[in-house]
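Q: Letter by letter, the chains look like this.
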Amino acid sequence: MLSLSRSETSYNKPESCRVTIKQIVAPNYCRLTFKSPVVAGAAYPGQFVMVYMPREHKYLLPRPFSIFRLNRVREEVSILFEVKGKGTELLAHTKRGSQLRIMGPLGTGFPALPEGSLLVAGGIGIAPLVFLAAAEGKPCTLIYGARTASQLICPPDDLTLPNLTILEVTEDGSKGAKGSVSDLLPGLVSGAPALFACGPRQMLRAVKALCGHSGPPAWFSMEERMACGIGACLGCAVQTKTGYRRVCRDGPVFSAGEVFFDD
Amino acid sequence: MIKPDLTVNLGGIELASPVLAASGPFGYGYEYLKRIDCSALGAIIVKGVSARPWAGNPPPRLAETASGLLNSIGLQNPGLEQFEKEVMPRLKGMAPRLIVNIVGCDIGEYAEVAGRLDGMEGIDGLEVNISCPNLRAGGIAFGTDPAETFNVVSAVRRQTSLPLLVKLSPNVSDITVIARAAEEAGADGLSLINTLSGMLIDIETKKPLLGNTFGGLSGPALLPVALKMVWQTAEAVNIPLLGMGGITSAEDAIQFMMAGARAVALGTAFFYEPEVAEQVAEGLRGYLEKHEIDAIGKLEGIARKGGPADAR
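Residue numbers (my numbering), protein chains in the order written: chain A, 1 to 263; chain B, 1001 to 1312.
If you are wondering where the hints come from, they were derived from the structure by calculation, not from laboratory data. In this text the structure is predicted, and so the values were computed from the model without any measurement. C-beta: ideal position from N, C-alpha, C; glycine also. You may find that some hints are simply not true.
[Stated by the list, open to error] Taking lysine to aspartate or glutamate and the EDC-like style, the derived pairs with C-alpha atoms no more than 16 Å apart in a straight line are: (1) K84(A) with E224(A); (2) K208(A) with D158(A); (3) K35(A) with E75(A); (4) K1034(B) with E1278(B); (5) K13(A) with E1278(B); (6) K241(A) with D262(A); (7) K84(A) with D1202(B); (8) K95(A) with E75(A); (9) K86(A) with E75(A); (10) K1298(B) with D1005(B); (11) K22(A) with E82(A); (12) K84(A) with E1204(B); (13) K1085(B) with D1037(B); (14) K13(A) with D1037(B); (15) K58(A) with E1275(B); (16) K22(A) with E115(A); (17) K13(A) with E1275(B); (18) K1092(B) with E1121(B).
[What the hints assert, rightly or not] Partial selection, computed: residues in chain A whose CB lies under 8 Å from chain B: (19) Y11; (20) N12; (21) L61; (22) G231; (23) Y244.
[As the list claims (entries may be wrong)] Output of the computed footprint for chain A on chain B, the stretches with three or more beta carbons under 8 Å from beta carbons of chain A: (24) 1031 to 1043; (25) 1057 to 1063; (26) 1270 to 1277.
With these hints in hand, go ahead and build the complete structure from the sequences.
A: Spelled out as structure tokens, the structure:
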């Protein structure tokens, strides 16, 4: 368990880091681990890093990734991602031992996790929640859902945490219970002191509806396309109660009551 | 040999470096200036400011293209009052020189913003944005019509004695007509180009990718278009040009100067490389040394018939 401090974002610039682990964890899913004393020393759960493209692809924007694992002693930080486009494809071809530039830690992450909290992950939305559960070390329950078994790709070693009870659910029933995250939630949500979620918009919308007014405080890690990653360009805006806010700086974690999903 | 002189005068603004941060990508500056060494920048041009707050366009606001970026931010800004109270104090002592990009829904709003900024301490110049493709009012509507350009620039001119740049749109049939209208109305310099209007469609959702349907294209894909327009405009007016559009290196910047730009601005390049301004300034110095040119100003317009601009 880490000692956590949720301080103001540190103002780092991109630094060149060695890739210490590259692992294709499942078809189309990749894990990269970087040696970065800067990020590993300062990050807390829910924050993210911008990963810059190799020099020969300098006209591709950097890509934002939630921090998946953090090892303060080894000074390593890991990301877990789905190969979805050109940027992630390039990164998935990175070789162990090569250098990539990363900038971080960035953004506003999760607040402290009370014991007995409910974590809700949809697909690759698992990444920041594993960091949260591992860092806090308090007993909590994770609902890990996806359309089908091949999307439940988090390596078992990373999910096997002594404090974590895991309930898997797939829409086609190929792994865990058959159904959706929102089928499991009603029985669990009332007893939880807080809820932390990351996943597709439809899932977050459903979770927000189920929490309603009487549910526990809920925190969502949001995703948007980004350019600068540091709050300057206003490209990653999401609609909130108080107007458009920046996923990269005001988020990526927002309180569920704050964000709107009607689109 | 002696150290090459990188200083330029852009329409009355003395700049220690001819490399600027363009309005938009750099936001209000402090997010970047906290992270990077800003001594390579001659000035920053902060994001558009209107009299009252503007909400901006619905997300998604960004889409990447081949060597470019499509955006539809929609000039989201906190308005003049918040700008003065919250943004200006945070920029104090951070920026080398500060140029404020101004926008409005109508001529009255442009004039109001210019008048208020005229008295504000710490501002070295204004850039009138008549070219944002993401809003009808407060942008493109003024920048595609020479009479409207003349009217809005004249109205701003009457409100301020600050050096005045006018930012031109490439989304016109002849940019030199608009350029001349801005010059006649009293502009001290011209910034060009703003983004090219464009769009993308998501073939899975079968809908436009941007929340606003249309956006503005920036980035390296834009460079040849911008360079040509700087060349044409340099032939048409007698005020200095600030060239921009896809610049990511000293080699790119030198081309703009050779086409007739006195200084250059970087925008999307900061996304690929936050320290790009240092790299460009360093590259300019290296080029001048290698070619034994003692001042950056000597490159201005040398690729055009008729030679350097200082002969004009």
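Q: If a hint holds in the structure, say so; if it doesn't, say that too.
A: Okay, the hints, checked on the actual structure:
no., hint, result
1, K84(A) with E224(A), "14 Å, holds"
2, K208(A) with D158(A), "27 Å, violated"
3, K35(A) with E75(A), "6 Å, holds"
4, K1034(B) with E1278(B), "15 Å, holds"
5, K13(A) with E1278(B), "13 Å, holds"
6, K241(A) with D262(A), "12 Å, holds"
7, K84(A) with D1202(B), "14 Å, holds"
8, K95(A) with E75(A), "19 Å, violated"
9, K86(A) with E75(A), "29 Å, violated"
10, K1298(B) with D1005(B), "10 Å, holds"
11, K22(A) with E82(A), "13 Å, holds"
12, K84(A) with E1204(B), "13 Å, holds"
13, K1085(B) with D1037(B), "25 Å, violated"
14, K13(A) with D1037(B), "10 Å, holds"
15, K58(A) with E1275(B), "13 Å, holds"
16, K22(A) with E115(A), "33 Å, violated"
17, K13(A) with E1275(B), "8 Å, holds"
18, K1092(B) with E1121(B), "10 Å, holds"
19, Y11, "4 Å, holds"
20, N12, "7 Å, holds"
21, L61, "5 Å, holds"
22, G231, "5 Å, holds"
23, Y244, "5 Å, holds"
24, 1031 to 1043, "holds (count 5)"
25, 1057 to 1063, "holds (count 6)"
26, 1270 to 1277, "holds (count 6)"
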